[in-house]
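On the provided structure of chain W, position chains H, D and U as indicated by the hints.
Residue numbers (our numbering), protein chains in the order written: chain W, 1 to 198; chain H, 1 to 277; chain D, 1 to 290; chain U, 1 to 265.
Honestly, the hints are just simulated from the structure, not real lab data. There could be a bad hint or two in this list.
Derived DSBU-like pairs (lysine-lysine); straight-line CA-CA distance at most 35 Å [what the hints assert, rightly or not]: (1) D:Lys228 / D:Lys275; (2) H:Lys251 / D:Lys231; (3) W:Lys4 / D:Lys143; (4) W:Lys6 / H:Lys58; (5) H:Lys80 / U:Lys147; (6) H:Lys213 / D:Lys184; (7) H:Lys185 / W:Lys5.
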Amino acid sequence: MPVKKKTLRLNMLAMFIAIILLQTSIPLIGYIPIGPLEITIIPMTVVVATVLLGTVDGAIIGGVWGFTTFVRAFVWPTSPLAAIVFVNPLISVIPRIMIGVVAGVAYTYLRKHLKSQAASISISAVLGSLTNTILVLGLIYLFYKAKAPQLYQINIKELLPYLLGVVGTNGVPEAIFSGIVTPLIAIPVKKIFDRTNH
Amino acid sequence: MKDIIQIKNITFNYPDQPLLFDQLSIDVHEGEWTALIGQNGSGKSTLARLIDGLIVLKSGQIVVDGLIVNDDNIFDIRNKIGIVFQNPEDQFVGATVEDDVAFGLENRQMPREEMHKVVESSLKEVGMWEFRDRIPANLSGGQKQRVAIAGIVALSPKIIILDEATSMLDPRGRQEILDLVTKIKQENNLTVISITHDIDEAATADRVIVVNKGTIVEEDKPDNIFGDIRKLESIGLSAPFTSQLIMALEKRGIDSSSQYLNDKRLIAWIKQLVSNK
Amino acid sequence: MDQTISFKQVTHTYQANTPFSQDALDLVSLTIPAHSFTAIIGHTGSGKSTLVQHINALLKPTSGEIDVYGRTIIPTTTNKNLKELRKHVGMVFQFPEKQLFEESVIKDIMFGPKNYGASEADAEKDAEDAMQLVGLDESLRDKSPFDLSGGQMRRVAIAGVLAMKPEILILDEPTAGLDPRGHKEIMDLAQELHDHRGLTIILVTHQMDDVVDYASDVIVMDRGKIVKHGKPSDIFSDPKWVYQMHLDLPSSAEFATRLVKAGIHLKQTPLTIEKLADEIAELIKWEAHT
Amino acid sequence: MSNFLFGRYLPGNSWVHRMSPQSKLMLCFFFVIVIFFANNVWTYATLSLLLIVVVLMSGVSIGYFLKGIRPLIWLIIFTVLLQILFSSGGHVYWHFGPFSVSDLSLINGGFIFVRFLLIIMISTVLTLTTTPLAIADGVQTVLKPLKKFHFPVDTLALMLSIALRFVPTLMDEMETILNAQRSRGVDFGSGSLRHRIQAAVPLLVPLFTGAINHAENLSTAMEARGFTDSEHRSKYRVYKWQTKDTISWGVFLLVGILVLFLRNN
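Just chain W, with the same shape it has in the complex:
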């Protein structure tokens, strides 16, 4: 890789990390509260990073979000869910990495088979967002079924439906939201990116 591309990639990743850090600490650009639930718009940032920089870098940005979620679950949990669930690094990190992977693979495939860039981005975003939700749910279920040691022991049998309910009801609007909004953001941003990246 030429030096120029390498430096630019380093800085692009740095900027996306900075944006993720901002989004996790400023609700207005990271979370949209709806009633007692909140929809996070961070998966969209991961998908935008994936569309611009490729699958690997998308996965890295997803991983950074996951790691931030993990650390935050200890230092400054946003919800009881976070304090109970995301203190497990496998649950907080892996699903986030997979957003980038799934969205990246989907986008690469769709770009070849679909005419519309917007549709490709939209579908990739929906898939990426759902990946996150499904993996978080699946892993919670797996870990608590297996009775893995927990930081805050709670009788999970009773609580499990509640946990699944919360994550599920968040996940569906989140996916719809990602599908609608991600192309609106990714397309103009990609235009700027392609211009600087000649």
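Okay, now just chains H, D and U, sitting in the frame of chain W:
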């Protein structure tokens, strides 16, 4: 006088865009302050990037201090040139002032003890040593540009390029940066190229090159260039204050017979008129 | 209705633990009449931006009261009541091109009017008018704003504010980073809006030449207080005081002080080149007669 | 603004301030792991005692800690309530549907409360006494062994340091964009869900395009300053391991062993 930079018949364009330079040639004399003026989009900043090998030429050749700019020489050439860019925010790499000055030294793998000495002396040179712990968010634009200059001084280059370095500063910050560069130029016998659309910045130069649409329109001493207000305005630039005043006086029947005077000489001339007549 | 912008004992304190805590307002009272062209000057951190952001309630006062053309903002004013006010107060931020986001120039300019409830057709009409006003060619209409030059992008952003047909226009260093031609074009636009469309213009600037060339009134701020409010000639008549405020003189006044230092005494401090030339010419001719 | 990463650092010169960031980071992790093993009054008491010592050694007034915890208090109470209501076993005092309160669940609730406090307090000590930059440097040192497996530790560290350096810049820009769009009539944080979702577009597009421009310009500036790659550079800032670190590790390890002894098996 030796030509420290020779630009020979260069041609360049960005992908999918018309030619920016077509067979352009410029020489920069060692130890001089050369101002490159032209309106936004005239290709001035591209020239700085070409000289430093940050973008690659289509054809032609650039020689910096005896070295041809190409992939093999690029790091030797970057050791000879320091660039202060337009946006103070976008060249501040380090998390604090001292980390930023150290960045270029770290790239050159300077041993740590030496690095600490150089960082200290460079920051003292630009008057920012007391600010060494500050993060960029707590500095003004002018202060950030000072730090950028310290980062350059630390590498003791032979050439400083000011690439619109003062255009985002307020008038006071602008003057302070120009004074600082003037001081550093004198102390270290540097060559300065200032790329600017600020005529007052260009007026302090030894030589002015006017660029418009990728070609040289004029190349001369400031005195000979700044007399012609209409010509400057026709390419989107304004005339220096003194030229405007001389023209206003001409309208009132006071003829200077000289086209351009810098402010000191203009004051002297007015004084002479007032007291002699 | 009262056609003025007035501040009554307005104080604004940022959260004490932010680094910007000095950039606040301290019992500011002032009146800016409608249809004036007022420049606000003061060194960095003197409170200029804080002051103007109160005019369209992006910031609310910690105490005191602001009255904008009969609409009152007090500390307890809720966001619900602000939309109507903001519609009438256009605000062009520094480097406004950074706020562009739509897929086409026309859509970006229509964004404001649509937010304020204009129909698609009305918004489009207003946007087209605004494009013409700022001198954007019609052919750029459906282009992506991100394909334009920096100067054109800035016009699109300004058009986006003008399309809302504000009565008051706040310009925060609108010419930063522009070359002399771009600078003059934007300032001439401000003058046109003031002279022929009756807008009240509030200009935040560091360029003292623009202050004397365009503004009718000047407000000088220092450490969150208004230290002077008057005509440009009142403000710049005392060079020593101007320097104390960490401000510059207009070029002509600055040159005049240097003439004085060289022993050439002018009758008054000239603010423009024409005035300066008049004074010098008079002096030379007077000397010539004696 | 809930800022868990920035603006929390309090300059100081205490024992904890002067420890190397890498050992502070590792000790923080170690402490959290040891908490996993606490399961009775004695173990929690031991860890609480250690924490009190650490807080005292940090030289930071207790008020800062309380201020840090206050916004979290509802969350803690809620989690503890969950714990109490959903635990089973022991003598049941009260129950209703899936909820029940027993002596065991009350005791466990108490432990969870202490556990919560301990974790939040220890991480607060870290962020109050260590700058984000030093934490990034600490991460780099901790990860250094991974270099053997060709993991780009230095690149990661540089990336992280640039990211941290740009967070305040992007935050300022975001605020300006927010204000600019507000004055163009956008209501953030109110209206229908669709409206709120759409409001993200005029915010995020400028934020992202600005960030891309920063990345591009910064790349040019970095290369002009002789940057080639991150793995071959000398380092200006180095945090040396000190006697303080060794002593602190000694104390923490002892406490760890003590906890293993005191816990109910």
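Cross-check of the supplied hints:
1. D:Lys228 / D:Lys275: holds, 23 Å
2. H:Lys251 / D:Lys231: Given that 35 Å is the threshold and the Cα spacing comes to 28 Å, the pair holds.
3. W:Lys4 / D:Lys143: holds, 30 Å
4. W:Lys6 / H:Lys58: It holds: about 22 Å lies between the C-alpha atoms, which stays within 35 Å.
5. H:Lys80 / U:Lys147: holds, 33 Å
6. H:Lys213 / D:Lys184: Distance ~20 Å between Lys213 of chain H and Lys184 of chain D Cα, so the pair holds.
7. H:Lys185 / W:Lys5: holds, 34 Å
The structure shown violates none of the earlier numbered hints.
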